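Asker: Chains as they are written, first to last, in my numbering: chain A, 1 to 423; chain B, 1 to 800.
Keep in mind the hints are simulated off the structure, nothing from the lab. Since we're looking at a predicted model, the values are computed, not measured. Warning: the hint list may mix true and false statements.
[Said to hold, decoys possible] The calculated EDC-like cross-link candidates involving lysine to aspartate or glutamate, where the alpha carbons are at most 16 Å apart (straight line), are:
hint, chain 1, residue 1, chain 2, residue 2
1, A, Lys385, B, Glu83
2, A, Lys278, A, Glu309
3, A, Lys385, B, Glu80
[Claimed, not checked] According to the in silico footprint, chain A covers these stretches of chain B (three or more CB under 8 Å from chain A):
hint, segment
4, 78 to 91
5, 121 to 131
6, 162 to 172
7, 178 to 191
Glycine included, every Cβ here is placed at the ideal spot set by N, Cα and C.
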Amino acid sequence: MNPYPQVLFKNRRPGETILLPEYEKTGGYLGLRAALKMSPEEVCNLVKGSGLRGRGGAGFPTGLKWSFFPADQPGDKYLVCNGDEMEPGTYKDCQLLLADPHQLVEGMAIAAYALQTSVGYIFLRYAYEECSQRVERAIAEATAAGYLGRHILGTGFDVELHVHRSAGRYILGEETALLNGLEGRRPNPRSKPPFPAQRGLFSRPTNVNNVETLANVPHILTHGKLWFQELALNVESAGTKLFGLSGHLNCNECFELPLGITLREVVEDFGGGVRGGKKFKACLPGGASTPYLTAEHLDLMMDFDPLEEVESRLGTAGVTVFDENTCMVAVTRNLNQFFARESCGWCTPCRDGLATISWLLDQIENGQGTEDHLAMLHGQVRNIKGRSFCALAEGAMGPVEALLRLFEDEIKDHIRKGCCPFV
Amino acid sequence: MPKLIIDNLEVTVPEGTNVLEAARKLDIVIPHFCYHKALGAVGSCRLCAMMFLEGPVSGVQMACMIPAQDGMVIATNDPEAVELREHVIEWAMTNHPHDCPVCDEGGECQLQEMTVAGGHAVRRYTGPKCTFTNQDLGPFVQQEMNRCITCYRCVRTYRDYCGGEDYGVFGSRNRVFFGRVEEGPLESFFAGNIIDACPTGVLTNKPFRFKSRSWDLQEAPSICPHCSLGCAVIPGGRYRELQRIRAGVNETTNGFFICDRGRFGYDHVNHPERPREPRIDGQPASMAETLAAVRTRVQDLVQKHGPAAVAFLGSSRASFEANALLREWATQVGSPHLVFEAHQGRDRAARVLAARLGEHARSLEDVRQSDLIVLCGADPLAEGPMLALAIRQAARNGAQVVVIDPRSVKLPCSATRLPLASGRLPEVLKALSQKDLSAFSRQERSVLDGLAAQLESARQPILIGAADLLAEAGVTALCAAATKLSTPERPVGAMVLLSGPNSYGGAMLTGAADDFDTVLDAIQEGRIHALVCLSSDPFREAMAPARAQAALGHLELLVTIDSTPTLAAQRADIFLPARASAEMAGSYVNNEGRMQAFLPVLNPGLPISQTGAGNHPPREFFLQTPGSEPEEDWLILAQLLESASDLATIRQRLASSDQRFTELPAIAPETPGIRMSGSGQLPPAPPSELPHCTPSDTLTLLAVSAPLGSHWLAHLSAPLAAQEPQPYVCLHPEQAKELGLNAGDRARLITHLGHCHVVVKIDEMMVSGQVMAPQLMNTALEGMLPGSVLDCRLEREVQV
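Make a model of the complete structure from these sequences and hints.
Answerer: Following this line, the structure appears as structure tokens:
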């Protein structure tokens, strides 16, 4: 069915979770064994050379992030896995952990070795209790088998992993807020600099990576960087990506697809086309914080750089599709309500600005909007984008700014008609 | 030293200065809400946005978050930055009520200023506003959460800076709530600071509520009279009433904050029983008549019995100038009896300190910078509250804090503790300086060995004590320890908390005179016939009150100069009303020896709230302001001396007559003050019968001062008096078990002073073998003079 090579999902079967013996049978922990035969720097360089980019949304090169980490600094250092997956439209980490949690455990053991940290925390979304239990079971299995704990695989290296269940707000996905939450503090983001690599968890050097990012690492160690690069259809990119489809599609599922696949293929071949034979109007390419793509973008490659060229982002590759009958003002209002609700309340633009946008979109959608409201909306976006304390409000501005850029006519239609034209 | 350009002006600032402070140096006001120099930059309000045109960062950035760096070119009026600031103000105002006309903050509201400055006049948002239910936060702080703009300053002040734990942040998004888990009085002794910290009217001064608009208040920089630390305060008066006090800024002493005793202890100035008229033999008289009567009667007694028949008692709460003039008077008369504190223990401790402190003197700022603080016999919350905050700041920066005390000393930070009986405090200081800890038990050594090692390695250690518990022997030992442990490269600091704002000044003025107990003996024996009391109350403060009362009854002439209703004022043959510190200019010398000037806030007079019985305007009219006769304490003395009567000349004269006071004319309000040079004289050898600790099977009771209830001026302030505790004693759980007492029990406390009813408190950080009782004015524990050690019995009272 899926013609593309399956890496992360190769052991995925409906309703099942892979246990250690089967994981080992399919090449599990070979990556860790390979890593332990290399020096930490060599592991770091291999990951750097593989072209792996962060799968949590920002797409920062993982090896480069690791190379900033002061691995040789003495004292406590931490590795943290960000599994606080809470962006609307994004559910890939959940699928991955339900299917094959040992990939994360192995990836963290390798990362811990590369970064010379012996304590790792897996920070999971509060709603992912099933995932938490499966990851805990995988940790227990791996510890019993000597992949974790003291002197792993007979080397002098120790790794212990802990699962931490989040208290459950979207802001905890912001890495510094996550660290505050992990410390038991109010999860307000911290100012950067200092970056977590200098001063992170408990004020010690800390490296934070996404679940999917870490799960890719064992495969890179097992099969090498060239193999990994060739997985992508885009020559400038590397690896596969988990795409979580949702919205007005015939088939809303999570697929592992190569980076560089076109949006059209994702929507038509994997999503089964738009529901009810309707036309494709727009989509969120990578979760609620990414600017919309429209029908003119269908032949674009779904990858980090090509999407940035059209003022959008790959984000988490959680593709949410909207059909031709969808009111984009209503969509944006709905998304913005989420962000306004999830603002931690630390900085003014996010706390009060997002609430103002919610109100403005309410006015417009309800037919009470005026040209002044539209002007005010432009002003809000201009002064929230790039002006907030952390990336939450920045992300929230993605769809709003795209609404103004791509669907201003639709807003004006609301204002002119004094009601929503789609109702 | 980075050099940068802001609005075309060049400025050079020290490394680490943020751009907001750099602009402030150029007198460029960068608007802000969340930034506070003492609380630091957190970048939450986004109001201080500036355009960074050139240099290492570019674009619109928050001035508070960016350290000034070489080559930066910054524009404050760039359209992009201005537009953001306008939006920030509009956002902050989205849910803010339109209640400025009835809001107590109106007129001194940062939000109001920024809103007007930002040009925000029309609210474009027409939706419903977020509203909150307010909490009753106790007697001092009024909460009105609907006004909140979520700058987080209050929690950063209350929790981070002051170490309070019962106030915090709740909720998220635009529903952030600042308050307690449930309604109730704020527990921190520094709670009032959130009033100053709040940039708008969420947290306002409850006792001051609805009394005045800020622009109607008369304000001036002053020095707090409630303890010996000399914190900068800004009292505000109106309608002949001192209505409130807010924190002043002196980065050498208190920094930006003050304690609640200082903040809400303004009301002694308005006390309804405050004596305001000059009196001769109980009859009102004019000031001129009264001054003449004092001169005549003192002269008569000197002629009749010789100069030694007149004794002079100065004060730790009168201005330094007045005390210095009192000394001049004593010299002029030729009397050897000149004492500056009736409490013998405190007097001798202060004199030892003034003689020995020298270069070991440390300010509160030094404490904040210290890396090892040893508190020996000092309870900051009771004896000098802002010291507790200074210690907390040091602890936040990693300093070690060690507490050696018989009491369970409460601190807003963690500390290593060694409970030790009060009599052993000098011993432990000696042992530490001689590096011989053999006299201590193994358990005690487990703390002391570690401390001895830390004292070797610390960069800026400070030994801190207090006059009450250490007394003369302890202060001597503390200063000796500082000297002994110092090396030229690594000096050891010392600080001793004294009783009043001018205790150190009084001690510097004291010559080789005996202490007040000797004066009392001489009065008793008929050798002294007259006593001049300057702002002090020997009836209450002398070490043996019963003996003092008996002796003072023998006086032929008691002259009292004071601004408060003391027993000495009531019983004076001649009374001269003085002004309170908020009503005059003058200076105090704090426990570091720092001379600090203060200015008058208001003129004395019966508050209109009293004369008008709540009505305004008053229905009776006088040519003279009622109750306006009190004069500056130094002016009264200058007139008695018939010498120059303006402050500048007085300071000049004092400076030229005593070279230790050379800098006195140079002190100015709103400056850090100037440390006195030179040192005081040691008191003569101590009398044999010092308070002692009897090694018998009876209990010993240690009298101490409490944060509220023990301090005269605070006790006269209604908002604080209402919070004074009921009489209690505190003891170690084992001791309580032995006596069959439980926490909360009522008990009878029996000492040679009589017996009284107390509530039992139990604290495991108390030393066993000593029971602690606070001095509480106007209760059965009033006679418990801090520092005294008495035999006592404690009997459980059966509840009926």
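Asker: Now look at each hint and say whether the structure bears it out.
Answerer: Taking the hints in turn, this is what the structure says about them:
1. Lys385(A) with Glu83(B): holds, 13 Å
2. Lys278(A) with Glu309(A): Distance ~28 Å between Lys278(A) and Glu309(A) Cα, so the pair is violated.
3. Lys385(A) with Glu80(B): Status holds; Cα separation ~12 Å.
4. 78 to 91: Three-residue rule met by the segment 78 to 91 of chain B, so holds; n is 5.
5. 121 to 131: holds (count 3)
6. 162 to 172: Holds: 3 residues of the segment 162 to 172 of chain B have a Cβ under 8 Å from chain A.
7. 178 to 191: violated (count 0)
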